[in-house]
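**Q** The listed protein sequences derive, respectively, from chains S and W.
Note that the first sequence ends on residue 338 in our numbering; no numbers are left out.
Note that the second sequence ends on residue 1413 in our numbering; no numbers are left out.
It should be emphasised that the hints constitute simulated quantities derived from the structure, not laboratory data.
Where hints are given, some of them may not hold.
[Claimed, not checked] Ranges between beta-carbon positions, derived for each pair:
1. S:57 with W:1252: 18 to 24 Å
2. S:42 with W:1405: 45 to 51 Å
3. W:1293 with S:33: 23 to 29 Å
[To be verified] Quick list of in silico lysine to any residue cross-link-like pairs, SDA-like style, CA-CA up to 20 Å:
4. W:1063 with W:1406
5. S:292 with W:1406
6. S:292 with W:1399
[What the hints assert, rightly or not] Covered, in the sense of this in silico footprint (three residues per stretch, anywhere, with C-beta under 8 Å from a C-beta of chain W), are these stretches of chain S:
7. 48-57
8. 141-148
C-beta: ideal position from N, C-alpha, C; glycine also.
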Amino acid sequence: MAQMNMIEAIRSAHDVMMDRDDSVVVLGEDVGYFGGVFRCTDGLQRKFGEHRVIDAPIAEGGIIGAAIGMGVNGLRPVAEIQFADYIYPGFDQIVSELGRLRYRSAGEFFSPVTIRTPCGGGIRGGQTHSQSPEALFAHVSGIKTVMPSNPYDAKGLLIAAIESDDPVVFFEPKRIYNGPFDGDPDKPAVSWAAHPKGEVPEGYYTVPIGEAEVAQPGEELTIITYGTLVHIAIAAAKETGVDCEVIDVRTMAPLDVKTLTDSVKKTGRCMIAHEATRFAGYGAELAATVQKDCFYHLEAPISRVAGWDTPYPHAFEWQYFPGLKRMKAGIRRVMEAE
Amino acid sequence: MISKSRLHIPKPTARPGEEPDFSYLELSPAGSVDKPSIDARTRDIEFLANDLVRVLDESNEAKGPWDPKLDANDLQVALRWMMLNRAFDQRMWQIQRQGRISFYVEAKGEEAVAVGQGLALRPGDMCFPSYRQQGLYLLRGEKLVDLMCQCLSNTKDMCLGRQLPVMYHSKKGNVFSISGNLGTQYPHAVGWAMASAIKGEDHIAASWVGDGSTAEADFHHALTFAAVYQAPVILNVVNNQWAISTFQGTAGGERRAFAARGLGLGIPGIRVDGNDLLAVYAVTLWAADRARRGGGPTLIELVTYRGGAHSTSDDPSKYRPKDEWDAFPLGDPIARLRDHLIAEGQWSDAKHESLENELRDEVTAAWKEAQKYGTMTEGPWLDPASMFDDVYADTPRNLESQRRRMLEVMGDE
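Just chain S, with the same shape it has in the complex (with noise of 0.2 Å):
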């Protein structure tokens, strides 16, 4: 074992699979001779080669795009897009294409596409470096919605992604590459060093797509969530003095309905948290599905924290984001509805 952070384990997942597999290349917006803006790819290119490695224009659609012809080509791709705020001149080929080309062709071609992108809020990057637009993707058939909240999941997930055949969108949340979050922006950075999910195996291992985790057990109520939220939920249960279940969701689809609902039905309350703005966002799924399976047994109405439904703000984003003090009110709501 070893102790990494997110970046790093991200790395290693992209260094075990390139190593176990020729077929494994990357490519993205600086990724290769520099290694990433967030330096995921670091050190790849040295090891190898440009033409496993590569630096690509900046033209999401065309990295997208010429990624699928990749993969139809026996290829396995991952694809880096800096940022998920600049993924939107991709999309088309993402729904359109990555998405339904095994399903229209029968199964006779398939582009086993893995999209890396970074997501999320909480490091001042305004509007078009704070999004959160997993809803957009988990409501696309054919595709693998997925963001891990430590660097343990990242990179078991990764390879998991880059291994599964079907194309995979994987968030990672970049408020959480250096270290946990509790939520409170006036702490000092704490590291992945004194987590334990900061231990993460040198070589090949996977996390299961599909599969939600009971981030931390409780009784009185259950917060599903995801990504870096997951930190400030356990944080807000602790301050609150609530005992919460917190279910880190991981996979967006294909979502792990029993894990969720086999907690609601043990607290009977039910808390949904996301970065990303409330109206039609994931949590009306997550909603809907408790709210299905669990109905006899809620003691209260379903409850989202959430994103408020402007364009990311740079100057208000503690206002804005779902930070500690947002969670906690949350919690306390719903301790109090009946």
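Fit chain W to the given chain S structure using the hints.
**A** Chain W only, in chain S's frame:
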């Protein structure tokens, strides 16, 4: 003199009821355009993007350096494929008009594109067509009956009822799955070609879009990536003058040929008479050789005319002169190859008519067989439960549960 800004609205030269006018088309005499070496620098061969490579002249003779010198047998084979393409299209069009399939797209007047280019490529080369290159599927071994079954969405449909008619695919023939969205296949071809180079193979890729789709971002993404990585790919623009009702000028074709779109990126362009099978074959072979030997991409503009409607859902009499195709200066590709072979003493009107009849019978027999596997009104039927397959490599729990629910509610009749 231009004295103030103005909004220019491109307009076709003729609308319904007006005299067809192709004066905007710049033509070069057959045999007049030089054929450079495949390792020529793009900047030295820019003329290829502006002139028009033609081999067959007005008296049906093959002229000049681009004459591929195909023997009579090869030309007869090419003629046969084009005629089969047309016979197939004619029958499927009628069948759609009879309400027996939902939709169809014909290649009338453009058959030399898929056939001429398809014959110039090797079987291991991968094709990423749009929906008007059905000739590629025929050339590469898809049987008529299988294409018909796709159009019928019947039990033998290669797409298992998931795609509109004509959105074929052929894994064994190395022809990609047609999306139905426009131009999306262009970057796929470039990525496929990049992978071929990464793997050290000498297969190349080829893709096709219409003049209208050159305006899509994917077109420009593909050109950029092809140029940057010198991908072994042939990027074809089938300029058939019309994108549904939109004249090619609205896609930006008024002031510069589509073949010249790549010049700014250093991609050589060739503008070719798309209705001259010999010229189409020759330029494709040139571009394929160049790509295969590390010379990178070529953009080919095939100047042709959409002889029919855009699709069975379209009525071109609403927006263009009815007799426009008759006035098209580059004629009909089938008639031109026929006349060339006759001029060479290698074909006759009688042989042509007899081949037409033979192909019509072949199509009729295939249609008869196709209907055995189900029609829109008669079984056997595809199993609706199969609609949940192939969304993913393995069907996830949520889709299995929706499959059960669908069968509960809809029955499994």
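**Q** Hints first: check each against the structure and report whether it holds.
**A** How the hints compare with the structure:
Checked against the hint of 18 to 24 Å, the C-beta distance between residue 57 (chain S) and residue 1252 (chain W) comes to roughly 21 Å, which is consistent with it. At about 48 Å, the beta-carbon gap between residue 42 (chain S) and residue 1405 (chain W) stays in the expected band of 45 to 51 Å. For residue 1293 (chain W) paired with residue 33 (chain S), a C-beta distance near 28 Å keeps the hint of 23 to 29 Å intact. Taken as a hint, the residue 1063 (chain W) and residue 1406 (chain W) pair is broken in the structure, with Cα atoms around 64 Å apart against an allowance of 20 Å.
Distance restraint check for residue 292 (chain S) and residue 1406 (chain W): the Cα-Cα separation of roughly 18 Å lies within the 20 Å cut-off, and the hinted pair is therefore satisfied. Only pairs whose Cα atoms come within 20 Å are accepted, and residue 292 (chain S) paired with residue 1399 (chain W) is accepted, the gap being roughly 17 Å. Note: the segment 48-57 of chain S has 5 residues with beta-carbon separation from chain W under 8 Å; the three-residue rule is met and the coverage holds. A count of 3 residues in the segment 141-148 of chain S with a Cβ less than 8 Å from any Cβ of chain W is obtained; the coverage claim is therefore met, three being the minimum.
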